[in-house]
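**Q** Here is what each chain is made of, one letter per residue.
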Amino acid sequence: MMDKFKAKFVEESLDNVNDLEEALFALENDMQSKDLIERIFRAMHSLKGGGAMFGFNHLSEFTHHLENIFDKVRNDKLEVTQDLISLTFSAVDEIKFLLQKGDLTDPEDLNAYSQFMARIQTFSEGGNISENTSAKASEGNKGNTDSDDKTYLISFVPQEDLLQNGTNPLFLLDDLHALGNSHSIVYTHKVPSFELFEPESNYCLWQILLTTSESLNEIKDVFIFVEDECELSVEEICQGGFEMDSGIEKLITNARNSNSLIKSSDLKILLDKSSGQTAKAENQDQLSAEAGRKKAQLKGHKISSIRVASLKIDELVNLVSELVTVQAQLSVYAEKKGDTDILGLAENVQKLSRQLRDNAFEISLIPMQSELMRFQRLVRDLSKELGKEIEFVIEGGDIELDKNIIEHLTDPLLHILRNSVDHGIEMPDDRVAAGKSPKGNIYFKAYHAGASVLIEVTDDGRGINVEDIREKAISKGLIDENTDLSSKEILNLIFMSGFSTKDTVSDVSGRGVGMDVVRKKISEIRGEVTIDSEWGQGTTITLRLPLTLSIIDGLLVKVADNKYVVPISSIEKIFAIDSQQLKDSFNKVVVIEGEQIPYVDMRDVFKEEKEEVETPQMVLVRHEEKRLGLMVDEVLGEYQTVVKPLGRYLKSHEVVSGASILGDGTISMVIDTNRVLQMSSTGKVKAKSKK
Amino acid sequence: MSEQHYNTLLSFRLNDEFFAIDAMKVNHILEVPDITHVPNTPEFLRGVINLHGNVIPVVDLRLMMGFDNADFSNDTAIVVIAPDEQQDSSLGVVVDMVKEVIEADGMEMKATVVDKEESMLKNFHGTLSVGDDFVHVIDIDELASESEV
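Sequence order for the protein chains is A and B. When we follow UniProt numbering, the leftmost residue of the first sequence carries the number 1, and every step to the right adds one. When we follow UniProt numbering, the leftmost residue of the second sequence carries the number 1, and every step to the right adds one.
Misleading hints may appear alongside valid ones.
[As the list claims (entries may be wrong)] Computed list of lysine-lysine pairs in DSS-like fashion (alpha-carbon distance at most 30 Å, straight line):
(1) A:K403 <-> A:K351
(2) B:K110 <-> A:K651
(3) A:K220 <-> A:K263
(4) A:K8 <-> A:K312
(5) A:K250 <-> A:K6
(6) A:K312 <-> B:K122
(7) A:K651 <-> B:K122
(8) A:K263 <-> A:K6
(9) A:K72 <-> A:K190
Derived by calculation from the structure, the hints in this document are not laboratory data.
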């Protein structure tokens, strides 16, 4: 049970961390922004509170200290510096680590942790010095001249089970102390005799006298996580500060002896020197009204989004796709029956299930935003490490993709960005020498194009030298010395396995994986990669991705006795071919509209018996630059289809990448046209020899 | 012979011999439905079937065992097994006839002497004698890994 909550907490905290990181980035550009500092502080505060509640004690402790720093920043006692931001960035990493690990046990981790803590503490003490001086300064002119300061009496009466959700009341008191000059009074009269004492219960209550310039809401915010577990009252006593004089001391002793709390009215009489009590009462009214409004605000908060386990969504999409299949069967049946009533019903079901499908499909889309933060971090950290100056601009972060695609996309994109930072962008001096601005640019742009999403990563770095690639490919034996290739074709060589242009393996890129892995990963999600580069000007890498993996538009074709689905996204045109024309062609090329197009007979690909087909049809497919005609017996029509996996036994099948269930319940294979293209270009397709 | 211990086995006939698999790994027993041929696969892989909206590959155990006669009769059945918990591990197995469920508790398991050169399965868990018949217990993991193409 607890584990479930913990997992939830980690998930939510990661959101907080993301928010924190985002705010930090913004802060780096606008160091004066109060709003951002407030946002950072708030994120840390939630992390701290939640951490304690769910047993992430190290996390809680860590963020507590971090929060202290930002509290000082918030109160203008510490300035935002580059150092501070860098420290916080690495602290964010430590927070992520702590979230992932929970409380640390490994001595090495613990060591690193305590070192980090020490760093943070020194940093926050660095701020302390100035705080002390300012505190002294304000002490100097004490005597109620500081008009912003007010004194409050806070009565904090927690319930006995306060400790059970992990709250440490002493942290709360710490937080209060941080707000200003304070004196806390602890009441222990509720502590039972030893036999009745439950170590997990809390028996103490507190009253705190606090002088602060913060608003009442700020004070209440300290208790935000324990609101439900305590009785809390915050009462304004007077303007200005208080002195611990004998009168107050006496009041405290009396209250302690009589086991009752100090009454605010008694205190008021003691401290209220000038203004009358009526004003106070008014003030009180106003404050309670304010509190009421706040409560209403909390209650009126509508939930506009919910968090659902991704497994549930997978299941939903699965069920919907099954429904779509059954609906197709129904339509076939209704048409066969010819009963108008059933036909009408079938049509309605079709309409509804189509809407449902689109809806379910939309739910499984998530914006890329969540991953982009990682990319920003990568570019920032890497460029700092390499001493390069890089401006990273993201456009289209709100573009949504299937979550399965995004999962597959992260690694390739990280690799591409690493390449851009490491190989693409030059050192500032080199850039100036080349007549560019010292600051390099990387543009990340995502946008819709038809049924695909395009992602472009462009840098204005040194670009790729076509001659270098060519030589390299020759020396690696990937191409022959005499091969005549266009520069585009040469650029495409970097996608071949065993190709890496940087000679030495750096820590950054070239960890044995290259662009070939990028291409492989992208084609696994039915995407394409293209590269475009101009020497000295920069490089653009473009990814073309499908919107979703599970539902495709397909063309149903017949080869021998089987039906197959060809994804429409890869089809360029369909032609009817005169079989005479095929007989005459000696090198498997047909001439269409004056162009020579190579083709394969799908009967050969599937090793079926040859049979004369009067007018075979050719489906022209395209993958990147390559085109190929697929000769099929018959084109049956267009079909929107749900692609089912073939299971682990057929996973490594060469041509077929999935299956789809047709309206009549039969199965058709989905042809992976990219692999057919590959096979045909490597000469793997051979006509079946006659038996 | 292995240490593995089965309580319940499902026995079936292939040609004239009897075999059995762990009944706990059996999900369905079906009459032979329409099987869609998958091109470019070994002969023993009959194709795929549509089972409640899922696409499940079907192997012919008779061909895997090296028996020649692989025609379908009225008794021919498909035993759908799931070697592990994963959804994608479901596999249909064509057998000549499903016979019975054997409670194997307390039965003596002898080493299997079947030694067929052509068989893709070599690693039997052992042989039980049930009535007048010998029943060879198939290693379901071997069956699964041999079915991968």
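**Q** Now tell me if each hint is right for this structure.
**A** Hints, one by one, checked against the model:
1. A:K403 <-> A:K351: With a Cα-Cα distance of about 26 Å, the restraint between K403 of chain A and K351 of chain A holds, given a limit of 30 Å.
2. B:K110 <-> A:K651: With a Cα-Cα distance of about 36 Å, the restraint between K110 of chain B and K651 of chain A is violated, given a limit of 30 Å.
3. A:K220 <-> A:K263: Since the Cα atoms of K220 of chain A and K263 of chain A sit roughly 19 Å apart, the hinted pair holds (cutoff 30 Å).
4. A:K8 <-> A:K312: holds, 15 Å
5. A:K250 <-> A:K6: With Cα atoms ~47 Å apart, K250 of chain A and K6 of chain A exceed 30 Å; violated.
6. A:K312 <-> B:K122: violated, 41 Å
7. A:K651 <-> B:K122: holds, 24 Å
8. A:K263 <-> A:K6: violated, 41 Å
9. A:K72 <-> A:K190: violated, 36 Å
Hint check: violations occur at hints 2, 5, 6, 8 and 9; the rest are consistent with the structure.
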